[in-house]
Amino acid sequence: MSESAIITTNNVNLWYNGKRALESVSIKIPRNKVTALIGPSGCGKSTLLRCFNRLNDLIDHVKITGEITLDDKNIQESGTDVVVLRKKVGMVFQKPNPFPKSIYENVAYGPRVHGVKDKAELDTIVEHSLRHAAIWEEVKDRLDDSALGLSGGQQQRLCIARTLAVEPEVILMDEPCSALDPIATAKIENLIDLLKKDYTVIIVTHNMQQAARVSDYTGFMYLGKLIECGKTVQIFEHPQEELTENYITGRFG
Amino acid sequence: MHVLKKMNGALSTSTGTSRFSFVKERAIKTLFFCTASLAVVVVTFILLFLLRDGYPVFTDVGIIPFLFGDTWAPTAVEPLYGIFPLIVGTLLVTIGAIVFAVPLSIGCAIYVSELASPRVKNVLKPAIELLAGIPSVVYGFFGLIVLTDFIRVSFNIPTGETWLAASILLGIMALPTIISVSEDAISAVPREFKEGSLAIGATRWQTISKVIVPAAISGIAAAIILGIGRAIGETMAVMMVAGNAAVIPDPIWNVLSPIRTLTATLGIEMGEVSVGGEHYSALFGIAVVLLIITLIINLSAVAILRHLKEGQVGRSDRKSFIPASLQEPFKRIVMIILIAGLVLFLFTAAPWYLAVAIVLGAGAWYFGRDRLSGKQIEMISFGFIIAAAVTVVAILVIILGYIIVNGFPALSWDFLTQPPRDLGRAGGIFPAIVGTLYLVAGAILIALPLGVGAAIYLVEYTREGRITRLIRTGVDLLNGTPSIVFGLFGFAFIVLFLSVGVSLLAGQITLALMILPTVIRTTEESLKTIPQTFREGSLALGATRWQTISKVVLPPAVPGIVTGAILCIGRAAGETAPIMFTAVVFSSRFLPTSEFQPVMALPYHLFILATNVPGAATNQYGTALVLLALVVGMYGIAIIIRTHFQKKSLG
Numbered sequence: 001m002s003e004s005a006i007i008t009t010n011n012v013n014l015w016y017n018g019k020r021a022l023e024s025v026s027i028k029i030p031r032n033k034v035t036a037l038i039g040p041s042g043c044g045k046s047t048l049l050r051c052f053n054r055l056n057d058l059i060d061h062v063k064i065t066g067e068i069t070l071d072d073k074n075i076q077e078s079g080t081d082v083v084v085l086r087k088k089v090g091m092v093f094q095k096p097n098p099f100p101k102s103i104y105e106n107v108a109y110g111p112r113v114h115g116v117k118d119k120a121e122l123d124t125i126v127e128h129s130l131r132h133a134a135i136w137e138e139v140k141d142r143l144d145d146s147a148l149g150l151s152g153g154q155q156q157r158l159c160i161a162r163t164l165a166v167e168p169e170v171i172l173m174d175e176p177c178s179a180l181d182p183i184a185t186a187k188i189e190n191l192i193d194l195l196k197k198d199y200t201v202i203i204v205t206h207n208m209q210q211a212a213r214v215s216d217y218t219g220f221m222y223l224g225k226l227i228e229c230g231k232t233v234q235i236f237e238h239p240q241e242e243l244t245e246n247y248i249t250g251r252f253g
Numbered sequence: 001m002h003v004l005k006k007m008n009g010a011l012s013t014s015t016g017t018s019r020f021s022f023v024k025e026r027a028i029k030t031l032f033f034c035t036a037s038l039a040v041v042v043v044t045f046i047l048l049f050l051l052r053d054g055y056p057v058f059t060d061v062g063i064i065p066f067l068f069g070d071t072w073a074p075t076a077v078e079p080l081y082g083i084f085p086l087i088v089g090t091l092l093v094t095i096g097a098i099v100f101a102v103p104l105s106i107g108c109a110i111y112v113s114e115l116a117s118p119r120v121k122n123v124l125k126p127a128i129e130l131l132a133g134i135p136s137v138v139y140g141f142f143g144l145i146v147l148t149d150f151i152r153v154s155f156n157i158p159t160g161e162t163w164l165a166a167s168i169l170l171g172i173m174a175l176p177t178i179i180s181v182s183e184d185a186i187s188a189v190p191r192e193f194k195e196g197s198l199a200i201g202a203t204r205w206q207t208i209s210k211v212i213v214p215a216a217i218s219g220i221a222a223a224i225i226l227g228i229g230r231a232i233g234e235t236m237a238v239m240m241v242a243g244n245a246a247v248i249p250d251p252i253w254n255v256l257s258p259i260r261t262l263t264a265t266l267g268i269e270m271g272e273v274s275v276g277g278e279h280y281s282a283l284f285g286i287a288v289v290l291l292i293i294t295l296i297i298n299l300s301a302v303a304i305l306r307h308l309k310e311g312q313v314g315r316s317d318r319k320s321f322i323p324a325s326l327q328e329p330f331k332r333i334v335m336i337i338l339i340a341g342l343v344l345f346l347f348t349a350a351p352w353y354l355a356v357a358i359v360l361g362a363g364a365w366y367f368g369r370d371r372l373s374g375k376q377i378e379m380i381s382f383g384f385i386i387a388a389a390v391t392v393v394a395i396l397v398i399i400l401g402y403i404i405v406n407g408f409p410a411l412s413w414d415f416l417t418q419p420p421r422d423l424g425r426a427g428g429i430f431p432a433i434v435g436t437l438y439l440v441a442g443a444i445l446i447a448l449p450l451g452v453g454a455a456i457y458l459v460e461y462t463r464e465g466r467i468t469r470l471i472r473t474g475v476d477l478l479n480g481t482p483s484i485v486f487g488l489f490g491f492a493f494i495v496l497f498l499s500v501g502v503s504l505l506a507g508q509i510t511l512a513l514m515i516l517p518t519v520i521r522t523t524e525e526s527l528k529t530i531p532q533t534f535r536e537g538s539l540a541l542g543a544t545r546w547q548t549i550s551k552v553v554l555p556p557a558v559p560g561i562v563t564g565a566i567l568c569i570g571r572a573a574g575e576t577a578p579i580m581f582t583a584v585v586f587s588s589r590f591l592p593t594s595e596f597q598p599v600m601a602l603p604y605h606l607f608i609l610a611t612n613v614p615g616a617a618t619n620q621y622g623t624a625l626v627l628l629a630l631v632v633g634m635y636g637i638a639i640i641i642r643t644h645f646q647k648k649s650l651g
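In order, the protein sequence lines correspond to chains A and B. Mapping to the working numbering: the first sequence position 23 is 23, numbers consecutive. Mapping to the working numbering: the second sequence position 289 is 289, numbers consecutive.
No lab work stands behind these hints: they were computed from the structure. Glycine included, each C-beta is placed from N, C-alpha and C at the ideal position. Be aware that one or more of the hints could be misleading.
Said to hold, decoys possible - The following residues of chain A were derived to be distant from chain B, with all beta-carbon distances above 10 Å:
| hint | residue |
| --- | --- |
| 1 | 28 |
| 2 | 31 |
| 3 | 76 |
| 4 | 78 |
| 5 | 122 |
| 6 | 124 |
| 7 | 198 |
As the list claims (entries may be wrong) - To be clear about the criterion: a stretch of chain B counts as covered by chain A if any three or more of its residues have a C-beta under 8 Å from a C-beta of chain A, and this derived list gives those stretches:
| hint | segment |
| --- | --- |
| 8 | 226-236 |
| 9 | 516-530 |
Stated by the list, open to error - Residues on chain B that point at chain A, a partial pick, calculated with CB under 8 Å:
| hint | residue |
| --- | --- |
| 10 | 118 |
| 11 | 215 |
| 12 | 374 |
Kindly produce the complete structure, drawing on both the sequences and the hints.
Structure representation (structure tokens):
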């Protein structure tokens with residue numbers, strides 16, 4: 001990959017409870033592009049994604065070796081401030097997970113915890129983020145309503161707005177459309193396309209058409225290993241590895 | 001034709017058997033229905049008998065003078081029956097207990113569910129349950145010997161038997177309830193909320209304080225209300241440390257004043273009153289007031305918890321009843337009132353230099369907060385949370401350690417096998433041990449079949465409807481009834497009305513009624529864990545409902561039922577208030593030879609030794625240790641059985 005990389009992993013291994021979930025993964029994630037991670041269930045793609053914001057720290061009995069850098073700084077080092085890291089690397093989850101608060105409070109939550117107090121400034125951030133996540137028009141008249149009253153697709157875009165509100169550099173998306181219907185999925189995919197102007201997006205997906213539609217680069221993972229990584233067009237049209245070809249042509253998984 | 005006839009034949013034989021089994025099924029169902037209805041019947045009876053005996057005071061003295069009269073002097077030449085000081089006493093003691101218990105228990109609950117490593121958690125949770133198992137008379141004993149003395153010395157006052165002592169002790173007793181219910185509520189907050197917040201870059205403390213705790217707030221509220229219910233209904237402990245002067249503290253926030261609660265009044269005076277007189281009636285009037293207060297509190301907690309169970313977790317589509325524009329000023333006013341109250345409280349209760357230090361610290365925190373980074377605030381907050389957890393553990397260790405260290409020298413073969421001599425100062429406690437065993441054995445033999453039957457009816461035979469709601473409410477009410485009220489009911493109904501007399505039997509029945517709701521609840525819970533597919537599988541093979549229940553549903557539910565039963569035995573063994581007027585005598589050289597004779601019991605023996613017999617120090621500690629060992633042993637066994645079978649069912 002010729003573009004400058006924002007995240008690089010070098011020989012990363014990960015064990016859950018002594019079971020190996022990632023094996024010598026080395027990947028470069030290019031800046032301001034959409035990178036898709038594909039592969040069958042349990043291949044480690046979500047695990048890899050959660051290494052990038054150290055969310056695996058929440059799970060007991062996890063051991064990680066190897067090097068993961070963000071902007072050339074090793075984030076695996078014990079001195080890393082995970083709070084600063086997670087502010088830079090936002091995440092959208094598989095199941096929409098708005099907090100049981102109002103729509104406004106959901107988006108304002110991030111800026112608030114990072115110290116923004118001024119009401120006018122918060123209002124601006126909230127509106128801007130909701131517009132950017134293409135949901136402003138749908139919710140602008142009911143910002144004080146509970147976020148849990150929104151539809152699944154709206155909730156997911158709200159979660160994206162919530163992530164955008166803290167102005168991250170990278171947005172991780174863990175199968176963001178798997179709980180959504182096709183129309184909501186289309187809206188999210190369009191949104192991803194808009195986002196890559198300002199952000200680096202890494203998306204884990206089960207859906208190969210989705211990977212082909214939204215991503216510039218694709219990595220294929222299998223049994224904890226990164227089998228192949230490259231331009232999406234190349235991976236889908238001229239895969240180098242037989243495993244990749246088998247997967248893409250639907251011969252397994 | 002031919003085929004049809006054959007089928008008719010087959011059908012008719014099967015109708016023959018099915019008619020028999022139909023009758024049998026109906027009979028079994030009716031039987032279970034009767035056991036389930038018992039809870040409602042008992043609640044009705046309790047109310048009727050309390051009202052019957054309390055009625056004269058409401059007519060003779062009048063409701064308003066009774067409730068709001070400011071002097072309680074039932075034995076004066078001109079007796080006065082105003083219970084206002086007692087109501088105020090109950091409320092003040094409860095408020096004090098909550099002020100003490102809420103920060104500690106919520107801190108501890110947050111620690112257990114969010115900060116503790118799995119290993120620490122596996123030790124802490126059973127330890128907190130053990131704290132719940134310590135009998136109230138043992139708490140009272142500890143309070144009387146250690147806590148009141150500590151207060152007396154540190155505030156340099158003539159006696160430590162004060163509102164403060166009662167509140168701290170009740171606060172300690174409310175800890176396990178509040179901790180375990182709020183811990184459940186916090187653990188039930190979906191993981192996604194936590195991950196969502198952390199992924200934005202919130203610190204763990206921000207996540208806990210702004211997302212997790214708000215999402216669990218109604219569960220925490222229910223926990224606090226249950227804790228309040230426990231504090232209001234407690235008799236023995238509060239009676240042993242509160243000083244029991246029926247006065248309103250002067251000034252009202254003077255926590256070093258002695259105080260008297262409704263329950264303590266019943267505990268102190270019920271034994272000495274002449275049956276049928278005005279004073280007797282006034283005591284039953286007090287029981288009615290007490291019952292009404294606890295019923296309201298417990299029903300509201302139950303309503304909140306049930307609301308939560310119906311999947312309403314955090315779903316707040318309803319508008320808050322305070323308009324958004326007023327919320328900020330409203331919060332501010334509440335805060336100002338709270339802070340003012342705390343400052344007043346501090347300056348009366350604590351030495352002035354401590355109060356000044358705390359106020360300065362709080363001020364520095366309030367104004368310096370914005371200068372601190374998220375990380376620093378997190379460190380300070382976690383410091384407080386860990387301190388809360390450590391305090392809870394320390395309380396447990398101090399109480400257990402104190403009683404074990406002092407009680408151990410008293411133990412000897414003679415102590416365990418000899419009857420008491422010299423009013424319990426010498427000799428042993430053999431009759432008390434046997435009496436307690438008799439009491440709990442009888443209680444569980446009565447309560448277990450009734451409770452299991454009721455639970456089977458509620459879980460297996462009915463859908464949620466008006467009748468089950470009524471029965472469940474009955475069970476909830478019974479569960480929230482203070483143990484002293486059971487004592488009064490046992491006295492009025494079993495001892496006097498049924499002319500059973502003060503006897504083993506009366507005590508067994510009273511204790512059985514008290515533990516009945518717990519038996520029902522734990523059995524229900526273990527029946528509900530049996531997957532619906534088991535029942536469907538059995539019914540689809542043509543088994544009857546009773547066959548399904550007895551052969552498929554009950555066997556795997558047995559460990560759960562046994563665990564519940566053992567917890568109940570532990571609780572019954574430690575209770576004093578229900579048996580005080582129904583079953584016990586202080587000293588008896590002999591074991592009872594029939595169900596109609598009174599017995600000695602460990603908790604009552606300890607109570608009398610601690611409060612009425614000077615110079616029985618060694619035997620007090622020995623009795624406390626034996627009682628504690630018995631009860632805590634039961635709880636320990638129950639916890640072990642439960643973890644064993646939980647592990648087994650996980651594979």
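Hint check results:
Every Cβ of chain B is farther than 10 Å from the Cβ of residue 28/A; the closest lies at roughly 23 Å, confirming the non-interface assignment. Distance check for residue 31/A against chain B: the nearest CB is about 20 Å away, which clears 10 Å, and the non-interface claim stands. Against chain B, the non-interface label of residue 76/A holds: every CB pair exceeds 10 Å, the least being about 17 Å. No beta-carbon of chain B comes within 10 Å of the beta-carbon of residue 78/A; the shortest separation is about 15 Å.
At roughly 14 Å, the least C-beta separation between residue 122/A and chain B is larger than 10 Å, which holds for a residue marked as non-interface. Listed as outside the interface, residue 124/A is consistent with that label: its C-beta sits roughly 18 Å from the nearest C-beta of chain B, beyond the 10 Å cut-off. Every CB of chain B lies more than 10 Å from the CB of residue 198/A, the least distance being 17 Å, so the non-interface label holds. Counting residues of the segment 226-236 of chain B whose beta carbon lies closer than 8 Å to any beta carbon of chain A gives 0, which falls below the threshold of three, so the coverage claim is violated.
Using a Cβ-Cβ cut-off of 8 Å, 0 residues of the segment 516-530 of chain B lie near chain A, which falls short of the minimum of three, so the contact claim is violated. A least Cβ separation of about 6 Å between residue 118/B and chain A falls short of the 8 Å threshold, and the interface hint therefore holds. A cut of 8 Å between beta carbons decides the hint on residue 215/B: the least distance to chain A is about 5 Å, and the hint holds. At its closest, the beta carbon of residue 374/B sits 6 Å from a beta carbon of chain A; the interface hint therefore holds under the 8 Å criterion.
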